[in-house]
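**Student:** Protein chains in written order, with our numbering: chain U, 1 to 558; chain R, 1 to 82.
Since the hints were derived computationally from the structure, they do not count as laboratory data.
The structure displayed is predicted, hence computed values, not measured ones.
One thing to keep in mind: the hints can contain errors.
Facing chain R, according to a computed beta carbon distance under 10 Å, are these residues of chain U, among others [claimed, not checked]: (1) 261; (2) 288; (3) 411; (4) 486.
One side of the interface only, derived from the structure: several residues of chain R facing chain U at Cβ under 10 Å [unchecked claim]: (5) 17; (6) 36; (7) 48; (8) 52; (9) 59.
Every residue, glycine too, gets a C-beta built ideally from N, C-alpha and C.
What follows is each chain in one-letter form.
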Amino acid sequence: MSSGAGAGRPRLSVVVACYNMRREIARTLRSLSAGYQRELERADYEVVLVDNGSPEPPRPEEFRDLPLELRILHHRERSPSPVGALNEGLAASRGGLIGVIIDGARMASPGLLAAALHASRLHPRAIVFTQSLTLGHGQQWELVHQDYLPADEDRLLESIGWPGDGYRLFEISSWLTPDTSSDLRWVLPLAESNALFMPRALWNEVGGYEPGFQTPGGGFASVDLFTRACALPDTQLIVVTGEATFHQMHEGSAATASRDVFGQMKRFSREYYRIRKHPARSVDRPYWTFGFGRPLPPTRGRPLLASPPPDGLRRRYLDLLKQTLLNEGGLEPDAVSAEAMRRRLQDARDLGVPLSDRSIRAYTMINRRRLDDLERCANAALDDAVPGDFMECGVWRGGACILLAAVLSARNVADRAVWAADSFAGLPEPAPGTDDGLDLSAQAAPDLVAGLDEVRENFARFGLLDHRVRFLPGWFQDTLPSAPVERLALLRIDADLYSSVMEVLRSLYARVSRGGFVIIDDYEVPQCRRAVTEFRAAHGITAPISSIDSTGVSWRRE
Amino acid sequence: MMKEDDVRTWLVGYLAELLEVGAETIVPGHEFRDYGLDSMDAVVVGGALEERFDVEVDATLFLRNRSIDELIADLRRSRLLE
């Protein structure tokens with residue numbers, strides 16, 4: 001990429017605000033310098049560093065050796081908030097494209113600036129942004145409690161040979177969203193971006209940062225700016241994938257200034273509501289993605305943690321298993337259409353819609369929330385020594401049962417079984433009257449059929465087909481009344497129909513131990529709900545029903 | 001002191017606006033998490049409630065209560081409601 005610009009006028013300006021960040025700013029500036037930033041020459045861009053009144057402000061001579069067009073401004077108005085400093089930096093910027101890194105402790109990945117320039121050319125009113133990660137294995141507020149110190153951070157950086165390959169920062173950093181699938185992380189709706197690039201005209205239209213945000217760190221000033229920018233007409237959001245900024249721990253950062261992270265967030269929110277009179281929320285609009293097509297860095301887990309925490313291996317094993325069962329790790333194309341993205345995001349918020357694009361290739365149709373809850377119930381049953389086995393009626397490809405078997409395996413529980421009851425030939429025809437003609441039989445819904453061999457094979461694939469796993473093939477009315485199941489600590493019912501759900505409850509509820517879990521997957525299906533309601537009423541069951549998500553519910557037998 | 005009806009009405013409106021749904025979708029007995037609210041959302045609602053009613057509430061107020069109904073009961077116990 002050549003400079004292509006007239007003398008002295010850079011194509012890109014990057015505004016960075018800092019306060020008391022001597023240690024961090026040196027790394028941030030290095031990560032922004034030519035050579036570290038790929039594809040760009042020194043003359044292509046400038047960095048405008050605005051010091052917000054540090055007792056020892058950064059001096060130009062400290063960075064003389066960096067290949068970087070650097071200007072350092074000294075903001076005179078004393079404020080704990082960086083918004084004044086950022087606005088001063090914006091006013092001083094000369095580039096056609098202007099990026100703001102709101103926090104001087106944020107290092108950049110090596111392709112960030114070139115990607116921003118490329119992406120901004122895709123649309124005349126592009127709002128280009130990227131994801132924010134945190135150095136270290138855990139969020140900053142968690143790390144504070146774990147005595148994570150700057151020296152630990154120095155060691156982490158040393159371990160990847162930084163600044164050798166800046167992309168290795170992904171290996172030692174954590175995401176803000178620990179529980180989403182790896183591919184979705186790049187594109188989930190954001191409330192703000194710590195590296196935001198817009199053409200000069202858009203910065204002018206949006207009017208810079210709102211000076212009213214005066215809490216330390218600026219509170220929700222960046223949320224506010226992002227929200228207002230995205231509301232400008234005819235704009236196009238473009239998220240840069242495969243690039244990010246990485247937050248270094250520093251004194252006085254929003255996350256570390258107060259160990260009371262919730263209290264601080266509440267103060268931010270209060271200020272936002274005072275100024276804007278409406279809720280602060282994530283921007284949820286279709287957007288484009290731009291990436292260089294290099295393999296995406298590993299984005300999951302905390303792979304370099306020196307020693308796993310207690311239970312860490314077990315937790316990671318189960319988490320990895322759940323990812324696989326849910327097909328979360330399936331690679332997504334780097335760029336997809338806005339429509340496909342919208343669909344995926346819809347899936348991510350999964351409201352229990354069966355057979356999404358994702359789940360059609362997965363081992364289970366239930367979503368992450370219900371799978372997490374199933375694990376929680378299984379663990380609680382074991383922790384509380386509730387007697388009995390685990391059982392699922394209606395198992396499809398076996399995903400939920402596989403997770404139950406994995407919990408037993410991970411906890412070395414050898415004396416409990418996992419029962420998988422299913423016709424292994426799909427759902428039955430609707431029973432006259434009670435099922436209201438809801439036809440999910442093999443003919444009507446062939447995707448709901450999974451054969452016994454296939455399910456056995458699925459268990460075997462995870463090394464979990466052992467003596468603990470028992471299959472009960474056949475229609476429920478033929479198998480359940482006489483099933484050799486004595487006591488149950490957990491009964492999961494995923495059978496949709498009134499007739500099937502009622503059959504399970506009639507045959508098996510009496511065998512659920514006190515304190516045992518009854519989990520209903522399809523409570524939103526009227527036929528299923530009616531069976532549950534009638535059965536509970538007929539048997540005087542008053543244990544409160546708690547929701548797992550929009551369709552899953554459970555209760556513990558009293 | 002806040003009035004219960006005012007808090008209820010405001011909360012329903014706030015959540016409906018936050019979630020971009022009609023106010024009739026917000027059922028006082030339903031759990032916040034069923035609406036997809038996470039812990040940070042809950043804290044953010046707390047800040048807005050403080051600003052709207054000029055009160056101080058615990059940052060965990062919305063975290064320890066699962067629904068509007070539970071929250072109202074908590075505010076009543078905390079003597080923040082008339």
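**Student:** Hints first: check each against the structure and report whether it holds.
**Tutor:** Evaluation of the provided hints:
1. 261: 9 Å, holds
2. 288: 22 Å, violated
3. 411: Cβ of residue 411 of chain U sits 27 Å from chain R, so the hint is violated.
4. 486: Violated. Min distance 34 Å.
5. 17: Interface hint status for residue 17 of chain R: holds (6 Å vs cutoff 10 Å).
6. 36: 6 Å, holds
7. 48: Holds - the Cβ of residue 48 of chain R comes within 10 Å of chain U, reaching about 4 Å at its closest.
8. 52: With a minimum Cβ separation of about 7 Å from chain U (threshold 10 Å), the hint on residue 52 of chain R holds.
9. 59: With a minimum Cβ separation of about 4 Å from chain U (threshold 10 Å), the hint on residue 59 of chain R holds.
The earlier numbered hints that this structure contradicts are 2, 3, 4.
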